[in-house]
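K.L.:
Assembling the complex is the task here: the two chains are given apart, and the hints tell you how they should meet.
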Amino acid sequence: MSLTEERTAVAPKRTAARRAVGVVLPLLLLGVWQLLAGSGIYSPAQLPPPGEVASAFGELAGRGELWHHIAISTQRVLIGFALGAVLGLALGGLVGLSRTANAALSPTVQAIRAVPSLAWVPLLLLWLGVGETPKIVLVAIGAFFPVYATVSAALTHVDSHLTEVGRAYGRSGLRLVATVLFPAATPAILSGLRLGLAQGWLFLVAAELIASSMGLGFLLIDSQNTGRTDVMLLAIVLLAALGKLTDTLLGFAETRLLTARR
Amino acid sequence: MREPAGLEFSGVGRAFTVAGRHRQVLAGIDLTVAPGEVIALLGPSGCGKSTLLRLAAGLDSPTAGAVSVDGRPVRGIEPRCAVVFQEPRLLPWRTLFRNVAYGLPRGVTGAPARQEVEHWLSVVGLDAFAQHRPRQLSGGMAQRAALARALARRPGVLLLDEPFAALDALTRLRMQDLLAEVQREAGTTVLLVTHDADEALHLADRIVLLGPSEDPAAGSSIRLVLPVPGARPRDRGDSTLAELRASLLSELGVNIHGRIQA
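Residue numbers (the UniProt record's numbering), protein chains in the order written: chain A, 1 to 262; chain B, 1 to 262.
In isolation and in its complexed conformation, chain B is listed as follows (with noise of 0.2 Å):
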């Protein structure tokens, strides 16, 4: 496993230019994330999240600041990054245990590839499947298996835009806890975008809230971040978890009496 990597925003900001109009997105983001700290983003939809993401990633760059993993900055496509994405994204023409080695870093080759990706496999419990065919797979199955892939590349930084938004209640409880334990075990630092807040309350170190300016031609920027008390894994009925999470969902704009605020 490679050592958990450190991620760091600085003064980022992204615009895009859609039809001849100028688009702020994000503006002044400065957030520094430790090796082996999970941090969930959270925020409405549409508020840049997961363009914060995939500046990490590197598939998308910053129009202002710099996003560096351990001091370096990241230019084009981040090698100590993995992204596990809303949908699984599998390649259905390639069984499971060929779509995890896809994840596998260039130059692991042989009976080594072999074992890491069948150890994945069995990490996410799907060893019985390595060769089935995406479509023969229930859409927990799937993201699992794309988990798997992104843990193949021994990743610094694990990034998971909304991975279990798409997913049945319980489907999304288990993958939750699963991940939980995967990060336990590789340690490695996680980013993870979700507009869930018990998801975020479960899973993560820091909440870091995104949301618009007061001005909403600015761009979003970090509105709060939100250290969660106590060690993971956590209790699911916490007391103390469930102020956090009523103060969360109000930030949000959510009240817990069931109206929506002006």
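Next up, chain A with everything else stripped away, as it sits in the complex (with noise of 0.2 Å):
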């Protein structure tokens, strides 16, 4: 025990100075980005200094305009990723439980995980027309995936050593799952539910690229169409920042979460 004690004293040091490393990286591709952008290789229109982003970033923040791109993107992405993690969760528990849905289900399943993101958007249009449904449903569709692959292989390969205590002590169907199958399962699917989130950022920018009036993918787009080089880099930069927001967020509710049992 006084071991452990020793460690965790020590650990807030070190834990801070391997964080600081991290930071190290932007800053100096900040610093590289500066001096490209000075060198003359590429034009302003091509590559705006650091500044010209920060500029357009007051500018669009200032009208009010950025947030509400940013509002609306971060909305799709968070009821799309809970309908997708519900799915998810929902019918990667049945093919994990179940042989004959694994048998029935998983091909199918495979086969509509291998369509690209993109391929989706003309139907999604036709079908749900050019609200927010589709973009949601889009989202929805990328956050489904990996948190249903990650769930349904995590309870099929649970220690077969455990599953069998839980039967030798009566534990069956339901109460076999609450007591030892869900439990052994949640650290993969904690971590496949920070996938799921991931890649819900990554359908979101298809879905508003291809047919929206707001949001970051628009921004993207429409910056594109205006010319606006800066503007495009800060929806990169900004788009970058929110992904790793919410993934951070989501890391931290796992640690406390996997911490509480440990």
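I should point out that these hints are in silico values taken from the structure, not numbers from a laboratory.
Treat the hints with care, since some could be wrong.
What the hints assert, rightly or not - On the chain A side, residues computed to face chain B include the following (Cβ under 10 Å):
#1 Lys13
#2 Thr179
#3 Val180
Even glycine gets a Cβ: it sits at the ideal position worked out from N, Cα and C.
P.N.:
Right under this line is the structure:
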């Protein structure tokens, strides 16, 4: 016990130092960007310096437009992710727990999974119009597959020794799922949720690039049409930041959940 | 404590079909275990000892004959039996307290459940570790917790599948003494699978030697039933036991002078 206590006492300093190391590369990239922009290799229309992107941020934020784009994109991702994750948990659970369901469903699901995100867009527009629904559905499709795949695999690969203990101690059916299978698969399920969220952002941009009048994907395509490279870069930076932020939040919840049972 | 139960195997056989090939593991097993009796099932590895134990637990079912507990046939998981496996198989996400509580019979909840768990934890000497996680324990401690979990089920028959085989020599001796003590206190019937002749002689009322028949394709059957003289607890240095040990080992194909018989 004393050993672990010592370790936790030293830990905060070290983890803080390790996190600080993570900031080095972005700063370096920023420096390279600044140098390249100033070197004359690229015209300012091709690669505006970071300062211009920052002022574009100020301009759009000042007009209130930017918050609108961010809010609508985040909303689409969160709703779509929630839908996709719930479906992924349900169907992944079914396929992971029942061999019959696995045999019946998994080839089809694998085939649908192979469809590229953009291929869905025309169909969704045709069926669901140009409102919020097709975008949310596309994000849900994106979030669904990683969650489905990790949940079904995790449940299939639960240590058979533990399942046998559950059976030997009279647990079967739902009680076996609740006391052995689900807790054993929890770490994998949580990382599947994070993957699903990340893929939700990917599919969001696919949706917004094609048919929208709001959101970060729209900002991207609109900036291309108006020749505002600074806004284009701003949209990309914002997508990276938002994706990282939501993943960090989910990762935080994951750590909390897993340390509670350690 | 539930009353110790009798256990009966009549004409029990078990065959497996692996890759289209029929393999007889056990055949013609007839054995009656009296309530409160301690039986050691001894035999070379692969002779079907564990299979026989799994049949009693209801984790597996015989292809011939029948197993009954107190005269009632075993169908499916047997609620009057509790199993301790070779590995502790504790649920890693549960505290020791909740692992032991996992063994409680259905319907035991609230204060009686807590008392029961605390009682068995103190019997195996782990009351100070109730809130620890399995990974924080040594192998011997984890196996003690697994024993407490089995006892919490208040079994009529305690089924032990080489429970001490993976422990170091000293811990194994301690665990044997603990088991003898617990058995005395609880009075439960015990079926102990072991490949350790000394362990069998120290703990059992009768030793059942399981081994292959003349025809290796016919499966294992009971070669010898040996009543162990003297009341438990026995002195490990007893000279009559030393003679029995020599004859047991020679039955198992080990020459005590260190040569292996053909």
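K.L.:
It remains to establish, for every hint, whether it holds in the given structure.
P.N.:
Going through the hints against the structure:
1. Lys13: Violated, because the Cβ-Cβ distance from Lys13 of chain A to chain B comes to roughly 25 Å (cut-off 10 Å).
2. Thr179: Nearest chain B Cβ about 7 Å off; hint holds.
3. Val180: Since the shortest Cβ distance to chain B is 7 Å, the answer is holds.
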